[in-house]
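Trainee: Fit chain Y to the supplied structure of chain R, relying on the hints for placement.
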Amino acid sequence: MTDHAQPQRCFSCESIALSDLGVIGPEEVVARILFNPQHIKADGTVRSGLFSPTDIREKGVSLVRLEHLTPEALMAQANAVAAKYHKPRTAEGVIECEAKKVRAIFDTQGERLLCLYDDPTKAMKDLPANQAHATAIAAVELTDADISQIKTLLTLAFGPLRRFAC
Amino acid sequence: MFQMNRTLSPTTVTLAWLTTVMTAGGTTPPAGANRAPEEQLAPKEALRRNDQTANSLAQPWTEKVFPVAFVEAYRKMFSFRALAVGWDGHGSKAILDDSVNAALAFLAMLPSDLPPPEASAASDGTVDWYWRNGLNAATVTFYKDRKAAYFALIDNSGVKNGFKSFDEIPAPLIESLRQL
Numbered sequence: 015m016t017d018h019a020q021p022q023r024c025f026s027c028e029s030i031a032l033s034d035l036g037v038i039g040p041e042e043v044v045a046r047i048l049f050n051p052q053h054i055k056a057d058g059t060v061r062s063g064l065f066s067p068t069d070i071r072e073k074g075v076s077l078v079r080l081e082h083l084t085p086e087a088l089m090a091q092a093n094a095v096a097a098k099y100h101k102p103r104t105a106e107g108v109i110e111c112e113a114k115k116v117r118a119i120f121d122t123q124g125e126r127l128l129c130l131y132d133d134p135t136k137a138m139k140d141l142p143a144n145q146a147h148a149t150a151i152a153a154v155e156l157t158d159a160d161i162s163q164i165k166t167l168l169t170l171a172f173g174p175l176r177r178f179a180c
Numbered sequence: 431m432f433q434m435n436r437t438l439s440p441t442t443v444t445l446a447w448l449t450t451v452m453t454a455g456g457t458t459p460p461a462g463a464n465r466a467p468e469e470q471l472a473p474k475e476a477l478r479r480n481d482q483t484a485n486s487l488a489q490p491w492t493e494k495v496f497p498v499a500f501v502e503a504y505r506k507m508f509s510f511r512a513l514a515v516g517w518d519g520h521g522s523k524a525i526l527d528d529s530v531n532a533a534l535a536f537l538a539m540l541p542s543d544l545p546p547p548e549a550s551a552a553s554d555g556t557v558d559w560y561w562r563n564g565l566n567a568a569t570v571t572f573y574k575d576r577k578a579a580y581f582a583l584i585d586n587s588g589v590k591n592g593f594k595s596f597d598e599i600p601a602p603l604i605e606s607l608r609q610l
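Top line first, the protein sequences correspond to chains R and Y. Using our numbering, the first residue of the first sequence is number 15, and each one after it goes up by one. Using our numbering, the first residue of the second sequence is number 431, and each one after it goes up by one.
Bound-form chain R, shown alone:
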């Protein structure tokens, strides 16, 4: 994830690839890896708390570009992140969404609220490099009500959990 990407730079980030994989197209599917059952309902859909205000505003919502990851690479990435948790944790699965849905969240003035761009990560201790990493983050300064809007629409936009095979 890029260090605290500045919202005003987000739109240029969408049109200039930061990775070798190219920019994220509107039809491309991005996914979020889920680790905590607390965020998953019995029917496999996710709770709105999955998307924290701090992530949306400052840190970015961490995503992956599924079409650029083999299932094995996705599992390896998920397991590496899971291993960094304080307690033993296994990745539960992924939820998926087309990029254009993340980019279709507007305020009342028609301004985009979120940008979504490719954001490759370098290898860190115990975490392999990930060219297929992506980030969704505030495109403008957000009000608390904007945050509620984004949480609502992302929760609607992402499909139900697709569990990893055991």
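Incorrect hints may have been included.
Claimed, not checked - What follows is a set of in silico ranges between Cβ atoms, one per label pair, in the way DEER data are often shown:
id, chain 1, residue 1, chain 2, residue 2, range
1, R, Glu81, Y, Ala499, 42 to 52 Å
2, Y, Ser542, R, Ala31, 48 to 58 Å
3, R, Lys115, Y, Ala499, 25 to 35 Å
What the hints assert, rightly or not - Residues from chain R shown here face chain Y by an in silico Cβ test under 8 Å; the list is partial:
id, residue
4, Asn50
5, Gln52
6, Ser66
7, Pro67
8, Thr68
9, Tyr99
10, His100
11, Thr157
12, Thr169
Unchecked claim - Some chain Y residues flagged as far from chain R (calculated, every beta-carbon gap over 12 Å):
id, residue
13, Val498
14, Ala499
15, Arg505
16, Lys523
17, Asp527
18, Ala538
19, Met539
20, Ser542
21, Pro545
22, Ala578
23, Glu598
24, Ile604
25, Glu605
For the record, the hints were derived by calculation from the structure and aren't laboratory data. We treat Cβ as the ideally placed atom computed from N, Cα and C, and that holds for glycine.
Mentor: Same frame as chain R, now just chain Y:
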């Protein structure tokens, strides 16, 4: 251990009963019962926080009668108080007491004819009430210092605002929730 208010309809229970259930651990295991030790509060700390809640519930809004339909939402939201630092991975924060108390106060003011909300917690310590019916949905997010904000999407039309006072729930939100 608890007393039903005999003047109420069978579909309602007193918050006193809820408080008793929650502070006693309830009739079902607390949500944190299966969590690893790092995610659970030490017993004394959990007890302290429950006591604080019991005390805070002795405020006027706690006299409100909750519909039975809201009991599960209450129980789930209350259980988030046990989520300590690290509950949602590296860097995640404990759920803020302020946020939970504000969410419970909100629930106490929610008209009983509305659908029950779903409780949700986020890694930065905030909590939500969330409703969904098909493509209609609403979220109310609670921050520290009793700040809150809502968004409701009904038939592709959204309403949103922030609010702080908990004297009443914003009318546009109530209207939207009735259309869910």
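Trainee: Any hints from earlier that this structure breaks? Give me their numbers in increasing order, please.
Mentor: 16, 22
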